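Colleague: Sequence:
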Amino acid sequence: MSTTAGPVLHDLFRQQAARTPGHIAVVGGGAGGLPYTTLTYAELDALSDSLAARLESQYNTGIGSLVGIYMPKDAGYIVSYIAALKAGGAYMPIDANYPNDLLEMVMQDAKPSCVCTTKALAAKLPESQKKFIFDEDSTVWRKELSDGRRPENLDVKDTDPAYCVYSSGTTGKPKGIVCPHRGAVVSYDYRFKAYPYGKDEREACNVFFVWELLRPLLKGATLYVVPDTVIYDSTVLPEYIKDNNISRMLFTPSLLEAMLDSPGVSSMTGLQLVILCGEVVSTQLRQKIRRNLPHTKIHNLYSVSECHDVAGSDLSVDDPQLDPSNRKFCPVGNLLPQVKANILDPESLEPVPLGVAGEIYVEGPTLAIGYLNRPELTAAKFITRDGRRMYKTGDVGYVVEGGMLEISGRCDSMVKIRGYSIELKAVQVAMYELCGDIIHECIVTTAMHNDDRKLVAYVVRKDPSADPNLVKKTIKSKLKSRLPFYMIPTYICVLESLPVNSTSGKLDAKRLPEIDFANEGTDMTVPPSTTTERTIASIYARVLDIPVSTVDVTLGFFELGGHSLLTIKLLQLLNAEYPDKEITLQDLFDHQSVRRMADFIVADRAVSDEELDLHQEVSVLQKSFLINPACMQQVRAFWRNIV
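In terms of this note's numbering, the sequence shown has 140 at position 153, counting the first letter as 1, and numbering is strictly consecutive.
In case anyone wonders, no lab produced these hints; they're calculated from the structure.
Quantities reported herein were computed from a predicted structural model and do not represent experimental measurements.
Idealized CB from N, CA, C, for every residue including glycine.
Heads up, some of the hints might be wrong.
Calculated lysine-lysine pairs in the DSSO-like style (CA-CA distance at most 30 angstroms, straight line) [unchecked claim]: (1) Lys284 with Lys186; (2) Lys441 with Lys497; (3) Lys275 with Lys315.
Label pairs and their in silico Cβ distance ranges [claimed, not checked]: (4) Gly390 with Met435: 31 to 37 angstroms; (5) Arg376 with Asn321: 20 to 26 angstroms; (6) Arg136 with Gly390: 45 to 51 angstroms; (7) Ala181 with Ser44: 38 to 44 angstroms; (8) Asp424 with Val343: 46 to 52 angstroms.
Using the sequences provided together with the hints, build the complete structure.
Modeller: Structure follows, in structure tokens:
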């Protein structure tokens, strides 16, 4: 046991494993007819002990070391997670969807002592990087780690690093946020008291996986790892929750709202608690949850990667002030007992009066240690005032009487799009670095379209005679080499020049032209060539709310402006049109473009003469534009960044 006054995460897990050794700790897998992997608390404790001993003896892992976890969500991920802590190190999740350049940048910056990964993903890592490889067959690695080895009894303190999570940076360089044990311990303790676990609870986890997976394991609950093929399928997810008798689950508001429209929601009578995090919660959504899930409690959380949980509130209570007729958004809630939110004037850093908006500076035991290898950035974001250390959130908010915290928006270049946090400056820097040969100037911003925020780039060409459509395609192609898909602008507007304020000489953002969503989305290059393609193109256009004439049949759904929540609607419409095909969410990600989907649909049935004739007319050049479908974990990256 650690000798410090404050507990550490792996000691808390050991204590729980000793209390409930035979209870089921983890249930993973089960998607697509694959078998489930089930571990008891005793098995999870022993397997993570064995791996921790290997991390210490073979990979020199110790206090302050980083252990990368580069694998799909499953039981092996959780074993690696706990083993990293037991070895004295900090776990470092690595998103499987990172482009090669971004993966290389993260690995060079972090220099992990070891990366726990799978055979398939190991090939993407540098040869020099030490790896512990999990076989895809869980029986293989379970046998390998069943040797009874135990790690050294290290004196890990609650102020030592527990995890390092990478986020986008304003310079285009990813930043590793290093957090101590005590931040998670304090946040978890708040949640345990706010909504205690009952007997035999089952918690499903996928969204914000690395932040959430350990919490139920500290209280003897069973953690169900929701497969990526299930989490975004509004017809399958309710069945998963019902069939596994899930009692609590964390959602982003957007994900839950999409699922509430599914007819299967009414069957989720065992779902006792819904935790909302990652986005503001509208009062209309609260009303909809209470109507569709009357037996379910609703808890709202305001969390920041650098601070863990900051505030929370019970949205299940009857409160006339939370009626949509009185306000649009729900308050984020009261602060955690040991956390303080200082509302300061952005310029003077002096406190503002109660009820007056200012920038939120958080202080307390949940604060991160800082940014890995970034002392200047750490000093800029974690300031000390009157001997008190606090984090500059960039959020604008105010506190009302009674201590309730309200969020008004952002005061810097970070935006949140469908729960994902994006630094606009990072996208802009990447555009200049990667596309400097074709663009002279650029500005990255956002625009609203049908209540959905879109990432938009305005660019000025270096060559005024260059084809605007080719410029847009080239920019997106170059950005894919470094940026995750959610940081690539959906719309690119080519201008002759950026508007400038004649008085200040600075960019006049107010004079940027509005995006013509009907024509600016994706410029037509390859039209539909068969009856099936035309039908599917019309469905894509309907879901994306764009003219069918702008649907390029060789571009993937995400490249056309789609996102994970819209895949739910797309799946419903495709199955309504082709009921005999029984299209699954995995099929959507395996066949993202209109053309790939059309080929998939006609593959098992007779093809009309018209379709055969038209397909023969498709040129080799057009076929060369077919893009490879994004992997399932591309959508998973959507949820990952902000707690």
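Colleague: Confirm or reject each hint.
Modeller: Hints, one by one, checked against the model:
no.: 1; hint: Lys284 with Lys186; verdict: holds, 17 angstroms
no.: 2; hint: Lys441 with Lys497; verdict: holds, 17 angstroms
no.: 3; hint: Lys275 with Lys315; verdict: holds, 13 angstroms
no.: 4; hint: Gly390 with Met435: 31 to 37 angstroms; verdict: holds, 32 angstroms
no.: 5; hint: Arg376 with Asn321: 20 to 26 angstroms; verdict: holds, 22 angstroms
no.: 6; hint: Arg136 with Gly390: 45 to 51 angstroms; verdict: holds, 49 angstroms
no.: 7; hint: Ala181 with Ser44: 38 to 44 angstroms; verdict: holds, 41 angstroms
no.: 8; hint: Asp424 with Val343: 46 to 52 angstroms; verdict: holds, 48 angstroms
Going through the hint list in order, the structure satisfies each hint without exception.
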